[in-house]
Amino acid sequence: MTPVLEVNNLGVAFGGIRAVDGVSFAAEPNAITTIIGPNGAGKSTLFNLISGLIRPNSGRVILGGVDRTGAAPHLMQRAGLGRSFQITNLFFELTVFENLRLAAQRLEPMRRFLLPTGKSDRALAQVGTLIDRFGLHAKIGELAGTLSHGEQRRLEIAVALAAKPSILLLDEPTQGMSHADTADTANLIRDLARNVTILLIEHDIGVVMDISDHIVVMHQGKKLTEGAPSVVRADPAVKSAYFGHA
Amino acid sequence: MTELLEYIQFVLAPQMITGLALGIAVVLVALGLTIIFGLLDVINMAHGEFYAVGAYVALALGASGVSFWLLLVIVPLIMVPIGYAVERGLIQRVFNTPDRHVTTLLLTFGLGLVIEEALKIVFGPNTQRPPTPIPGAIEVMGVILPIYRLFLIVVGAAIVAAVAIVINMTRLGAIVRAAAFDRNMAASLGVPVKQVFAGTFAFGVALAGLAGVLLAPIYSVFPTMGRDFIFLAFTVVIVGGMGSIAGAVVAGLLITQVQALSSLVVSPVWSDPIVFGIMVLVLVIRPQGLFGRLGHA
Amino acid sequence: MHDGSVVQVKSRPVIDRLGIAMRASHVLVVLFVIGGIVFAAIGTAMGDTFFLRLATEALIFAGLALSVDILLGYTGLLSLGQALYFGLGAYVSAVVLKQIPSFWAAMAAVLLVSLVVGFAAGLIANRVRGVYFALVTFGLAQVVAKAIYNTRALGASDGLIGVPIVPVDFGVVTVMSNAPAGFFLVTLGVIVILYAISGYLLDTPFGRVLIALRANERRVPFLGYSTRNARLAAYVIAAVVAALSGALYPMLRGFVSPELLFFSTSGNAVITVVIGGVGTLAGALYGGVILTVLKSVVGSMTENHLIVIGLLFMAVVIFLPKGLMGLARPQIERLLGREAR
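Residue numbers (our numbering), protein chains in the order written: chain A, -15 to 230; chain B, 236 to 532; chain C, 38 to 378.
Calculated from the structure, these hints are not laboratory results.
This one's a predicted model, so the numbers in the text were calculated from it and none came from an experiment.
All C-beta atoms, glycine included, are put in the ideal place defined by N, C-alpha and C.
Do not rely on the hints blindly, as some may be mistaken.
With the C-beta cut set under 8 Å, the calculated list includes, among others, these residues of chain A facing chain C [what the hints assert, rightly or not]:
#1 His58
#2 Ser104
#3 Ile115
#4 Arg117
#5 Thr130
#6 Leu131
#7 Ser132
#8 Arg174
#9 Ala177
#10 Gln204
Subject to a maximum C-alpha distance of 27 Å in a straight line, what follows is the list of computed DSS-like cross-link-like pairs (lysine-lysine) [what the hints assert, rightly or not]:
#11 Lys206/A <-> Lys223/A
#12 Lys332/C <-> Lys355/B
#13 Lys103/A <-> Lys123/A
#14 Lys332/C <-> Lys359/C
#15 Lys183/C <-> Lys355/B
#16 Lys123/A <-> Lys148/A
#17 Lys135/C <-> Lys183/C
#18 Lys148/A <-> Lys206/A
#19 Lys123/A <-> Lys359/C
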């Protein structure tokens, strides 16, 4: 099967510091590929490179078989990439409904772009689907900024998913969540993976081991190793990177 | 050859000195602006009006007999409590709103309007000019230079150097920089953040007022002088880099020299478009300015 | 199914807050128009010329304020130089009218010129945002204002005079530009049409992208839209609105002058929007009228009315950030919301 996303020798340096250094891996369709690594390993920078926020100095990003290296974020989105953020990046002064509708309006044909929003049937239908899936009924009319942290993190994922991307990049989706919320979110992500490929950055090792199909370990900008969860868990190099000893 | 020397002696050098004098004053104004922005993250659209206030206060006090030398000290001191009050009373009120940058822009814009109108009411709309404190000229290497302009250059440079030293090398400067970098952390370390911010604003405003005192004898005093000047000051800050002291100095001197020299070649009508052109060029090619870091505004 | 305020999502009604807010503005503007018609009727009955013409001028400048609100209130961009397009529209209109005294010819020319100039200037201005954008727009207006001031062909500091009286031909009825009530209604019509078009656009997916820019510009590319293109589009629309409003000025006054491009004109528009209510569109119209009334009333009491307005402006920024419409709109939104259920 052709991978949905291929990253080849991707690298970027900021004034002498190689934040990401020659990283290569592939994300298989409908699988959950998780990037893990200690703080400062370059995981979020990697996401920024893939999603187009930062231009790489070297390497290539291939999405759906097409070389998209260096494409701006809005072009990556149109190519089928959805992304959520580690620090919640919603439209806080707009309602939950409007956040979702905005994200979903890309599903509409261009001729509806200058018609009243009420005519955007597909977007509205998608909003309905998302509300059901993410359990946001109660807060649909509330401003996104008034939601609880857990609800905001869920909305963050919903917004990234709204335009039906072929690959979903989730940057620490359970960040700051309670135990119960984390478990729910993990299940949600596993469920999502049936329809969309998922690339995940996650710190919670329990979640990582539970739902990942494939793990990529990063350390100091480089890829340390990758493999199935059981393999990575037993790898002494990984333990050493995290804890300083095998 | 003698023509070239004569050109240098009678046209170029005096023009460059004039440009330098203006440049030092622009640097003083831009310094205050860039410190207020770099450290407080506040865009002070009323900064030009504080420059005008300094000039007017000097004019008024000077007319009632206060000596120029005393004015150089008194006027900035008068500006300090004014600036402090403005920051504590007005700017801090809107500092914690989500649209902060736009709101402080609007607020200081309104403040500038009010100050300008107040000056017009109190002092009348006409142009006035205080007498030159040090009249006369001296000859330096065959070039005749007004003494006051030389004085301005020397004093201005000294002040700029003093400011740079205070900000970068003293404990007070370190406290201010710390509070600017992370106000919560500084507060938890015992730094009185609100007072530091207000004091820094007052300092920046005092610098502008001082520039007003220094430039008044050369460029005259009129109610809209602040607004005319502010564009140049903001251009300097943008070109130099928002928040950079070195940037304000380099850009201030550079741009005023470009202005001064260009007026020898083209009509002075082109002065504004040239300055604007420089600003746009920098914004397009290197938005963070010569020495600045991107991220604000 | 969508009536602008309630959307059916999976057969459950959802309140579209932005839709309701826009409808509330529409209600306020309808009231405004009714007020305007009544005003014109009374003015005609009393044989008044002065107040009708003052009101017409207020409306023309309200159009400029409208263009400021499109940028500031919806796209999140503060332009300190919108007077550039206002003045551009006025001058182009004056030049055209002196050759061809046709309302439609002038408006068409202004539309074309403002589209081109707005696009070109927008390419420069939209490379930056925030205070840089404010300063670039300020600078652009200053430079063009000074250029016109020094151009003898355009009348230099005196401006262009001798703009003829223009017949405004609607097919069924013709209004002369010097008819106080008639031209007042024409102006009202133009400004309201500009409002309606702006309001319509802001309620489309395109308009929602602009609103998203103000709400959180960093996220917008990840929705699949180029922020540069969106901002450029908003800028051009605002330029056209300002220019078409300015085009009416020489028809009313018979002349144009460089003051129309000066910073005070841009600044006044910003003050109008802030006092009327940023992000409401209706605030620009009400604000324009209120400011004109204030200036006349306070101006008759003292010469220093500008300082009163400046202080009022500052007070609004601090204490009433949503402006006067911010007080009125929520009440109407509540009524509309209740109706819709």
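Cross-check of the supplied hints:
Evaluation of the histidine 58/A hint against chain C yields a held restraint, the C-beta minimum of about 4 Å falling below 8 Å. With 8 Å as the threshold, the beta carbon of serine 104/A comes within range of chain C, its nearest partner Cβ sitting at about 6 Å, so the hint holds. Proximity of isoleucine 115/A to chain C holds as hinted, the smallest CB-CB distance being about 7 Å (cut-off 8 Å). Interface hint at arginine 117/A: violated, since its Cβ lies 12 Å from the closest Cβ of chain C, which is beyond the 8 Å cut-off.
Given the 8 Å rule on beta carbons, the hint for threonine 130/A is violated: about 13 Å separates it from the nearest Cβ of chain C. A distance limit of 8 Å between C-beta atoms decides the matter here; for leucine 131/A the minimum to chain C is near 15 Å, and the interface restraint is violated. Interface hint at serine 132/A: violated, since its Cβ lies 19 Å from the closest Cβ of chain C, which is beyond the 8 Å cut-off. Checking arginine 174/A against chain C: minimum C-beta separation of about 24 Å lies over 8 Å; hint violated.
The closest approach between the C-beta of alanine 177/A and any C-beta of chain C is roughly 20 Å, which is over the 8 Å cut-off, so the hint fails. For glutamine 204/A, the suggested interface contact is broken, since its CB lies about 27 Å from the closest CB of chain C, more than 8 Å. For the suggested pair lysine 206/A and lysine 223/A, the alpha carbons sit about 16 Å apart, so the restraint of at most 27 Å is met. A C-alpha spacing of about 18 Å is found between lysine 332/C and lysine 355/B, which places the hinted pair at or below 27 Å, so the restraint holds.
Between lysine 103/A and lysine 123/A, the direct Cα distance comes to roughly 23 Å. Compliance with the 27 Å bound is thereby established for this hinted pair. Distance restraint check for lysine 332/C and lysine 359/C: the Cα-Cα separation of roughly 22 Å lies within the 27 Å cut-off, and the hinted pair is therefore satisfied. Of the pairs offered as hints, the one joining lysine 183/C and lysine 355/B holds, with about 23 Å between alpha carbons and a cut-off of 27 Å not exceeded. Note on lysine 123/A and lysine 148/A: the hinted pairing holds, with a Cα-Cα distance of about 22 Å set against a maximum of 27 Å.
Among the hinted pairs, lysine 135/C with lysine 183/C is consistent with the structure: their alpha-carbon atoms are about 23 Å apart, no more than 27 Å. Of the pairs offered as hints, the one joining lysine 148/A and lysine 206/A is violated, with about 31 Å between alpha carbons and a cut-off of 27 Å exceeded. Distance check on the hinted pair: lysine 123/A and lysine 359/C sit about 25 Å apart at the alpha-carbon level, within 27 Å; holds.
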